[in-house]
Amino acid sequence: MSGFLNSSIGRKFTMALSALFLMLFILQHFAINILSVFSPDSFNEISHFMGTNPLVQFALQPVLLFGVIYHFVMGFILEIKNRNARTVKYYKNNGAANSTWMSRNMIWSGGFILVFLVIHFIDFWFPEINTKFIQGDMSGLLADGEGYRYYEELTHKFVPVWRVALYCIGFVFLSLHLLHGFNSAFQSVGANNKYIKGLKGFGKAYAILIPLGFIFIALFHHFNH
Amino acid sequence: MNLTLKIWRQQGPQDKGKMVDYKVSDISEHMSFLEMMDVLNEQLINKGEEPVAFDHDCREGICGMCSMYINGEAHGPDRGVTTCQLHMRMFKDGDTITIEPFRAKAFPVIKDLVVDRSSFDRIQHAGGFISVNTSGNTQDANAILIDKHDADTAMDAATCIGCGACVASCKNSSAMLFVGAKVSQYALLPQGQVEAVDRVKNMVAQMDLEGFGNCTNTGACEVECPKGISLENIARMNREFLSANIKG
Numbered sequence: 001m002s003g004f005l006n007s008s009i010g011r012k013f014t015m016a017l018s019a020l021f022l023m024l025f026i027l028q029h030f031a032i033n034i035l036s037v038f039s040p041d042s043f044n045e046i047s048h049f050m051g052t053n054p055l056v057q058f059a060l061q062p063v064l065l066f067g068v069i070y071h072f073v074m075g076f077i078l079e080i081k082n083r084n085a086r087t088v089k090y091y092k093n094n095g096a097a098n099s100t101w102m103s104r105n106m107i108w109s110g111g112f113i114l115v116f117l118v119i120h121f122i123d124f125w126f127p128e129i130n131t132k133f134i135q136g137d138m139s140g141l142l143a144d145g146e147g148y149r150y151y152e153e154l155t156h157k158f159v160p161v162w163r164v165a166l167y168c169i170g171f172v173f174l175s176l177h178l179l180h181g182f183n184s185a186f187q188s189v190g191a192n193n194k195y196i197k198g199l200k201g202f203g204k205a206y207a208i209l210i211p212l213g214f215i216f217i218a219l220f221h222h223f224n225h
Numbered sequence: 001m002n003l004t005l006k007i008w009r010q011q012g013p014q015d016k017g018k019m020v021d022y023k024v025s026d027i028s029e030h031m032s033f034l035e036m037m038d039v040l041n042e043q044l045i046n047k048g049e050e051p052v053a054f055d056h057d058c059r060e061g062i063c064g065m066c067s068m069y070i071n072g073e074a075h076g077p078d079r080g081v082t083t084c085q086l087h088m089r090m091f092k093d094g095d096t097i098t099i100e101p102f103r104a105k106a107f108p109v110i111k112d113l114v115v116d117r118s119s120f121d122r123i124q125h126a127g128g129f130i131s132v133n134t135s136g137n138t139q140d141a142n143a144i145l146i147d148k149h150d151a152d153t154a155m156d157a158a159t160c161i162g163c164g165a166c167v168a169s170c171k172n173s174s175a176m177l178f179v180g181a182k183v184s185q186y187a188l189l190p191q192g193q194v195e196a197v198d199r200v201k202n203m204v205a206q207m208d209l210e211g212f213g214n215c216t217n218t219g220a221c222e223v224e225c226p227k228g229i230s231l232e233n234i235a236r237m238n239r240e241f242l243s244a245n246i247k248g
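Going line by line, the protein sequences match chains A and B. With full-length UniProt numbering applied, the first sequence covers 1 to 225. With full-length UniProt numbering applied, the second sequence covers 1 to 248.
Source of the hints: derived by calculation from the structure; they are not laboratory data. None of these values were measured; they are calculated from a predicted model. One thing to keep in mind: the hints can contain errors.
[What the hints assert, rightly or not] Derived BS3-like pairs (lysine-lysine); straight-line CA-CA distance at most 27 Å:
id : chain 1 : residue 1 : chain 2 : residue 2
1  : A       : 92        : B       : 247
2  : A       : 89        : B       : 16
3  : B       : 6         : B       : 92
4  : A       : 89        : B       : 111
5  : B       : 16        : A       : 81
6  : B       : 171       : A       : 89
7  : A       : 92        : B       : 6
8  : A       : 89        : B       : 6
9  : A       : 81        : B       : 18
10 : B       : 171       : B       : 105
11 : B       : 148       : A       : 92
12 : B       : 92        : B       : 16
13 : B       : 227       : A       : 200
14 : A       : 89        : B       : 227
[Stated by the list, open to error] Which residues of chain B face chain A? A few of them, derived with a C-beta cut under 7 Å, are:
id : residue
15 : 72
16 : 96
17 : 100
18 : 235
19 : 241
[Said to hold, decoys possible] Reference listing, derived: stretches of chain B covered by chain A, where coverage requires no fewer than 3 residues with Cβ under 8 Å from a Cβ of chain A:
id : region
20 : 120-130
21 : 171-182
22 : 220-231
Heads up, the beta-carbon is just placed ideally off N, CA and C, and yes, glycines get one too.
This is chain B alone, in the form it adopts within the complex:
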């Protein structure tokens, strides 16, 4: 298929940036979106032009690096996929596709489609962990009984890959689905109880400090999340935060 691409080009963080049109031809419907971008970049390199910078790593939906806003949606029009899992069969011959970086004040653009998501790292550092003695005295994990439903729900929350699609899709650039998932994965397990109060308070404080917006429960994050993280995690974080503030 032949396509017209409207791509955001930005030389660096200080550059104003603009949308630039490109034509690509003979794109197979079996290609992934990133393979189509590879074809474009090869074309640009052969012409002596600067290739489009975009993040990618595993190309199998795990790393969460491929942050692209395609035709007005994070990771494109398909559901439950990252950009690398988006296939060109989702588009038609002759289509014009707009490709932009994830937009949020807390996700500044580094170059073209590459954004800085280290704000997520700082939120994780603020409390997204448990302190475990790993000096050889670690208790066998199977010795601690965990309700199957709680274990499954915690695992569902832990599937969050921190790609930032929730922030990109939210009209308020809110990070609450990400933080909610990270709080929930420990809140549901006995190992997470010891630091539960500090965890939620510190992670929410860091989230606010990074300049993310407020959740207004539109649910866009849940729909666009490639891992299907549920809004229930935000509700759980709200309960945890209230409870932590009451406990002091």
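Only chain A is shown next, with the shape it has when bound in the complex:
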């Protein structure tokens, strides 16, 4: 199997598997976040469950981290290999004549998403790890002990305009990445057949609606705080 994983198709296949996993995660992330708009209590409850459940924290979270790191590292490795496959560039190249901008610039949209992820981790994930596993406060309660802290922390983060703008830009790049990445992942695992037409439409809808939903959440909390 090491031969498979070191082959061009094997690497493509694992890139696609990590992408499919991450797309499922994004959907789950969105489903929880949108609750903050309609029901802060439900958002608090599920955030507390996800943040303290041992299965989520010690089984799913490491898998997610591995998926994220693998997708980025392998993306950069393949990009370097691909660039080396053409040492002399064309004097004139009309890429727009045969492919979309999104498909030709996955490394750039992916790179911006990586920058966004670092900021996102600094904003939410690192403080969360610090509170729970370094300070040892697993209660999930506010400092005054009156209710859960998750909704308050989320809405507080979206007060500064610069952060809301940064998140919106990050989601635009996520959308651009998904507009090619969704269907590309299915092609890479060999799923290109008569059902692909329907899948293409679904992929486009996913790539536009999910990031748009995240932008809506950020703007909603900014204007309602």
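Here the structure of chain A is known, so what remains is to put chain B in place on it, guided by the hints.
Then chain B, alone, in the frame of chain A:
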């Protein structure tokens, strides 16, 4: 029509090469692109200059030799054609046309617009065949029933002429459309089943060894392919490769 040509000139594999401008006049819109190149070369020979080296053979879209990257596209701006089938009516009087060789590390330039595509031959040798007893005991092909859809799809894949436009157009110089087509044409037929596991593993291994890039599914290869080879062939190769590795 009168045209300005910007053509890649390179004395040999070690030469650095450069773009050189030429003027050609009185070009008929009914000429093929290669006939226009013939006019230029005649002009150069009459002036005592070295003619532009370019590959060509059948001049009817079958041999896949005419590997030119014209105005930023493999085989030029028309669809479903090789360079020899590209007509000058696709251009306008006064146009400047850039002409370069196909670019890929696995397709080194031999001279001017001529590239070495023997990497494709080596991939074919690695598994793009079926072993048939031809000593007079060959079974009648019509005795083996084949689903019409499978036969048609295999034939579509087999129309690949190995011109390399897929590699030239791909931003990663990936050869997966070519290899996908060659794997598919046998994967869909009963005659190809016996060697299916070794075929896909060996062809992919040789493809990787030749230094082609990885497919990122931009679809440029499918658009520029003169024979309309579909991306479905790459998906089929991916399935075949996974299945071959599971079987061992």
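Hints, one by one, checked against the model:
1. A:92 with B:247: Violated - the C-alpha atoms of residue 247 of chain B and residue 92 of chain A are around 45 Å apart, more than 27 Å.
2. A:89 with B:16: Given that 27 Å is the threshold and the Cα spacing comes to 13 Å, the pair holds.
3. B:6 with B:92: The hint holds at about 15 Å.
4. A:89 with B:111: holds, 17 Å
5. B:16 with A:81: holds, 23 Å
6. B:171 with A:89: OK: residue 171 of chain B and residue 89 of chain A at ~10 Å, within 27 Å.
7. A:92 with B:6: At roughly 10 Å apart (the allowed maximum being 27 Å), residue 6 of chain B and residue 92 of chain A satisfy the hint.
8. A:89 with B:6: holds, 16 Å
9. A:81 with B:18: Holds, at roughly 26 Å.
10. B:171 with B:105: holds, 12 Å
11. B:148 with A:92: Status violated; Cα separation ~43 Å.
12. B:92 with B:16: violated, 31 Å
13. B:227 with A:200: Holds, because 24 Å separates the two Cα atoms, which is no more than 27 Å.
14. A:89 with B:227: holds, 25 Å
15. 72: holds, 3 Å
16. 96: Hint violated; residue 96 of chain B Cβ to chain A Cβ min 10 Å, cut 7 Å.
17. 100: Hint holds; residue 100 of chain B Cβ to chain A Cβ min 6 Å, cut 7 Å.
18. 235: holds, 3 Å
19. 241: Constraint on residue 241 of chain B satisfied, holds at 5 Å.
20. 120-130: Answer violated; 0 residues pass the 8 Å Cβ test.
21. 171-182: As far as the region 171-182 of chain B goes, the hint holds, because 5 residues have Cβ atoms under 8 Å from chain A.
22. 220-231: holds (count 4)
Checked against the numbered hints listed earlier, the structure breaks hints 1, 11, 12, 16, 20; every other hint is satisfied.
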